[in-house]
Structures are given as structure tokens and as C-alpha cells.
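Here are the chains, one letter per residue:
There are 2 protein chains.
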Amino acid sequence: MSDTPYTPPEVWTWDTESGGRFASINRPIAGPTHDKELPVGKHPLQLYSLATPNGVKVTVMLEELLALGHEGAEYDAWIINIGDGDQFGSGFVAANPNSKIPALMDHSGETPQRVFESGAILLYLAEKFGAFLPEDHAARTECLSWLFWQMGSAPYLGGGFGHFYAYAPEKWQYPIDRFAMETKRQLDVLDRELAERTYIAGDDYTIADMAIWAWYGQLVLGRLYSAGTFLDVESYKNVQRWAKAIDARPAVSRGRMVNRAFGELHTQLRERHDAGDFETRTQDKLEPAAE
Amino acid sequence: MSDTPYTPPEVWTWDTESGGRFASINRPIAGPTHDKELPVGKHPLQLYSLATPNGVKVTVMLEELLALGHEGAEYDAWIINIGDGDQFGSGFVAANPNSKIPALMDHSGETPQRVFESGAILLYLAEKFGAFLPEDHAARTECLSWLFWQMGSAPYLGGGFGHFYAYAPEKWQYPIDRFAMETKRQLDVLDRELAERTYIAGDDYTIADMAIWAWYGQLVLGRLYSAGTFLDVESYKNVQRWAKAIDARPAVSRGRMVNRAFGELHTQLRERHDAGDFETRTQDKLEPAAE
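Those protein sequence lines, which keep their order, are chains A and B. Here the first sequence is numbered in my numbering, starting from 3 and rising by one per residue. Here the second sequence is numbered in my numbering, starting from 3 and rising by one per residue.
Derived by calculation from the structure, the hints in this document are not laboratory data. Since no wrong hints were added, every one of them can be taken at face value.
Copies of the same chain are indistinguishable here, so a pair counts whether it falls within one copy or spans any two.
Below, simulated SDA-like cross-link-like pairs (lysine to any residue); rule was C-alpha separation at most 25 Å, straight line:
1. LYS130 / GLY204
2. LYS38 / ARG116
3. LYS239 / PRO252
4. LYS130 / ARG142
5. LYS173 / PRO7
6. LYS239 / ASP206
7. LYS130 / ALA140
8. LYS173 / ASP17
9. LYS173 / ARG29
10. LYS44 / GLU76
11. LYS246 / ALA32
12. LYS173 / ASN28
13. LYS239 / ARG29
14. LYS173 / PRO10
15. LYS44 / GLY93
16. LYS130 / ALA141
17. LYS239 / ASN28
18. LYS130 / GLU73
Can you build the whole structure from these sequences, using the hints too?
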């Protein structure tokens with residue numbers, strides 16, 4: 003952006019040079035770019051994902067369900083490398099026409115069922131297994147308000163703040179200010195709520211916590227965008243308390259490893275097909291990748 | 003934004019001068035700014051809202067429920083003037099700690115129940131009345147995937163494209179390009195889906211249509227951000243067909259009028275307390291406001 007006054011054209015056109023770090027994967031059109039079927043493993047639940055915050059929501063939920071003893075939650079997790087354009091393969095687009103991870107296929111019924119959008123997948127699994135969503139009507143309502151809150155709020159953190167603070171080709175003050183302000187407001191919303199409650203929707207750990215933790219929990223733990231100091235995340239004391247409690251759950255540690263293609267090698271379980279994979283994973287096929 | 007290189011400070015601080023058109027209502031902290039109770043009318047359902055796309059979703063749903071004969075959906079709709087800071091009143095913050103419209107209070111049970119986030123309110127009402135959410139498991143799942151899609155996608159349209167194209171203090175090419183591209187991709191996602199289906203989740207008109215129509219339907223009808231030509235909205239033929247069909251529904255026309263504080267006076271029903279208000283509304287208290 004420059005001091006040269008910019009007048010938008012009458013009709014926007016696609017300049018394939020623009021877009022910053024993710025220019026190669028951002029497109030103004032939808033649909034598949036190539037034919038590629040999705041692999042299908044042995045379990046009814048087939049997850050196609052990557053360990054970004056939206057992906058981690060679902061792998062944490064599946065690991066929590068397994069930890070509770072829900073054997074039907076066994077799953078195969080296949081990696082979708084968004085930098086390579088895997089999300090534009092015909093099989094993935096059929097599972098999620100929006101070409102974003104995560105996408106879930108449930109083969110347990112007569113016809114495979116697609117579920118897309120991380121919030122919808124969490125709700126689908128919570129209802130399928132009767133877990134992590136309160137049965138009490140008032141508590142369930144509060145849980146769902148917070149689940150939808152996360153879905154509508156995190157784009158300001160990820161697509162707004164994260165993009166302009168960490169990924170855009172240059173640092174520009176206006177969008178960084180705009181989205182830092184909104185991100186801090188959201189953290190304060192959570193902090194005030196968590197001053198009154200153990201978990202975000204009440205006394206119980208629910209899918210709302212899993213959804214919010216994947217973004218805001220990991221943010222205050224300093225894991226997103228190297229922005230902990232900039233956003234003064236230590237000042238949100240109640241969010242810190244809550245984030246650390248969730249981070250200490252074994253199922254959360256496992257969920258964070260699945261479909262992970264960055265960070266230290268011992269934190270990566272690129273594909274997950276069995277509960278034993280966490281112990282026996284071989285790392286000889288893994289290549290280090292930048293976080 | 004200027005050619006002067008910008009280096010973000012180590013710790014972000016609140017510059018109350020920044021923020022563009024909505025600087026006065028954007029804050030980095032949450033919570034109430036003043037004490038103000040919410041009014042409560044005669045019906046069990048009390049809506050606190052404004053006729054932005056997120057508000058229209060809910061008033062359309064309530065009017066559709068009433069059109070179906072669900073008398074229990076009678077409601078009072080109170081206006082929340084976000085430009086005046088009504089969303090920071092203590093009563094509103096208790097109903098929605100996120101200080102965004104719409105918020106719903108349901109007084110039909112022993113204890114008033116708050117519901118916030120427009121997607122959560124749509125799901126709450128759909129389940130309460132057993133309407134506009136398919137009972138069939140596969141169709142319900144598809145509907146909820148699209149409902150969550152809307153919640154996670156529209157921030158790129160509203161908080162991204164709309165802000166930088168229409169409201170930011172200057173026009174900057176990079177953010178306009180970034181968010182125009184994403185908005186057009188989202189329109190293409192819908193256009194491809196609506197080539198195969200009457201409504202977004204299948205043969206039936208559901209809460210997913212209401213949610214998506216309020217943003218993307220109104221966008222392709224040229225009602226948002228004066229951006230119809232810029233985004234070439236006429237080219238999305240299937241979205242156009244679907245948007246016009248929904249726009250022709252009487253309940254949608256009524257829903258658009260409720261809590262409307264802009265546009266021509268005859269389109270405004272600032273508060274709604276009875277079905278007869280659409281016919282008998284007095285306009286003598288109304289002041290024109292810019293759209």
C-alpha cells in the first residue's frame with residue numbers, strides 16, 4: 003500500500019500476483035482444480051484435515067471421545083496439505099465444497115455423510131456420541147451460543163489479525179490496529195466470562211471450550227503468530243488459567259499432534275489410523291516444515 | 003497507510019483516534035460502559051437487534067415462524083442503536099457479553115434464557131418450534147454445515163470486504179483485493195451448490211438459507227456496500243435465482259423492516275410489538291438516517 007491514491011476499478015479483476023504468503027492458495031473461484039479421490043481407511047469416521055486451529059478442534063474432540071470410552075469414535079486422519087492444493091482435489095471438494103479443512107466423512111450409515119465446517123463437525127460428533135454438549139436445555143443453549151461465537155469471531159483473529167501481523171507482504175498499521183483491537187476485545191470477552199465460570203459455558207468442559215481453546219487458548223499460550231507479547235496475552239488471567247487447564251489434558255496433547263506438519267518432529271503424527279500410532283509412529287518419512 | 007515503513011510496537015496500545023467510520027464503537031475491551039436495563043414487552047420472546055444482515059436473519063425467521071402458524075413465536079423487537087452505544091448497556095451485555103446484535107431473551111421458561119450469536123438464535127428457534135431445520139439426519143447435517151459455513155465466512159464479507167471497500171478512512175488496494183477475492187470465492191461456492199439444488203441444503207427452505215440470504219442474498223441483490231458492480235454479482239446466476247425467490251417471500255419483506263433505522267421511512271418498523279404493527283406503524287417519531 004502506498005501514498006498513491008487508490009481508486010478501485012469499476013469491476014474487480016483477479017491479479018494473480020497479489021495475496022501475500024498464501025497467494026498460491028487463495029482464489030476468487032471455487033470448485034476442484036484436479037481429479038483426486040480421497041483415501042478411505044478402516045474406521046467409519048474419516049477425517050481430512052491439518053493441525054491448524056480449526057483442524058485441532060476436531061482431533062481434540064475425537065481424542066476426548068475415545069478417552070471417554072466411545073470406541074465408535076475411532077478414526078482415520080488423513081493430511082490435507084493446503085500449501086500443495088490438496089483442498090482443491092475433486093474428492094475433497096465433494097466432502098467440503100468450501101475447500102477448507104477440516105472435513106469429515108461418516109461411513110457408519112447406509113450412505114456416507116459429509117460434514118464440513120469445524121463447528122458443525124463438533125456439534126455432529128457431540129450429538130452422535132451424546133458427549134461434551136450439555137443435555138440440560140439452558141446449559142446446551144449457552145454452549146451453542148459460545149460455539150457460534152467462536153465461529154463468527156475467530157476470522158477476525160485468523161483472517162484479520164494473523165494475516166496482517168504475520169503473513170501479509172508488508173506491515174501496515176491500519177489493518178493491524180483494527181484487528182489487534184478486535185482480537186483484544188474478544189480476549190476480554192472471554193476473560194470476563196471465565197472470571198465467573200470454570201469453563202466458558204458453565205461447570206462442564208464442552209465443545210465450546212474445544213472450539214475456543216484451539217484459537218484463543220493457543221493464542222494466549224503464545225502459539226499463534228508470535229503475537230503473545232504484542233497482544234499482552236499474559237494480562238488475560240482467567241483465559242490463561244482456563245487455557246492451561248485444557249492444555250494439560252492428555253487428549254488435547256494427542257489431538258494437537260494429529261495431521262501436524264510443522265514444528266518439532268516428535269510433535270508430528272501426520273496420519274493417524276489407530277490409537278497406537280501415537281506410540282509407534284515412525285518419523286523416517288517426516289520432513290521438517292516451517293511453522 | 004503510507005510508504006513510511008511501519009514497525010509494529012512491541013506491545014499494542016489503544017490509539018483512540020484510529021478505526022475509520024466505526025471508531026466510536028470499536029473498543030479493545032469488553033463489558034458494559036453504562037447502566038441500562040433492557041425493556042421487556044408482553045411476549046415470551048424479546049429480541050434486541052438492528053436490521054443489519056445479522057439482525058435480519060432472526061426477524062425473518064420469526065416472521066416465517068408466525069407465517070407458518072406458530073403463535074408462540076410472537077415477539078417484541080427492540081432497537082439497539084449501535085452507533086449510540088446501546089450494545090454497551092449493562093442489560094444488553096448481560097444478554098450478550100459480546101456486545102453485538104442480535105440478542106434474544108426467551109421468557110417462556112421458569113428462568114429467562116439468553117441466546118446470542120445469530121446462528122445460535124436461528125438454531126434455538128428452529129429446535130424450539132420444530133421448523134426450518136430438517137428432521138432427517140442427513141438433511142439436518144447438511145443444513146447445519148451450511149449454517150456454520152455462513153457464520154465463519156461472512157466476517158470476510160462484512161468485517162473484511164465491506165469495511166475496507168466502504169467504511170475505512172481511505173481506499174487501500176491490498177485489503178480490498180484480499181477480501182474481494184474471498185467474497186467472490188464464497189459467492190462461487192454458493193453458485194455451484196445452487197446449480198444443483200433449489201435451496202442451499204437441499205429441497206427445503208431452512209435456517210441455512212435465511213442466514214446465507216441475509217448476507218450473500220442481499221449482496222447479490224445490490225443492497226450491501228454499493229458493491230454489486232465491483233463484485234459482478236449478476237454473474238452468479240444461481241445465487242441470483244435463489245436470492246430473488248427468497249426475497250419474494252412476504253415474511254422476508256416483513257423481517258427486513260423490523261428494527262430498521264435507515265433507508266426510506268416506509269421501509270422502517272423501528273420497534274415491533276404486534277403483527278399489526280406492520281400496517282399501523284406511525285412514522286411521526288422516525289428520523290431519516292443514512293444507510
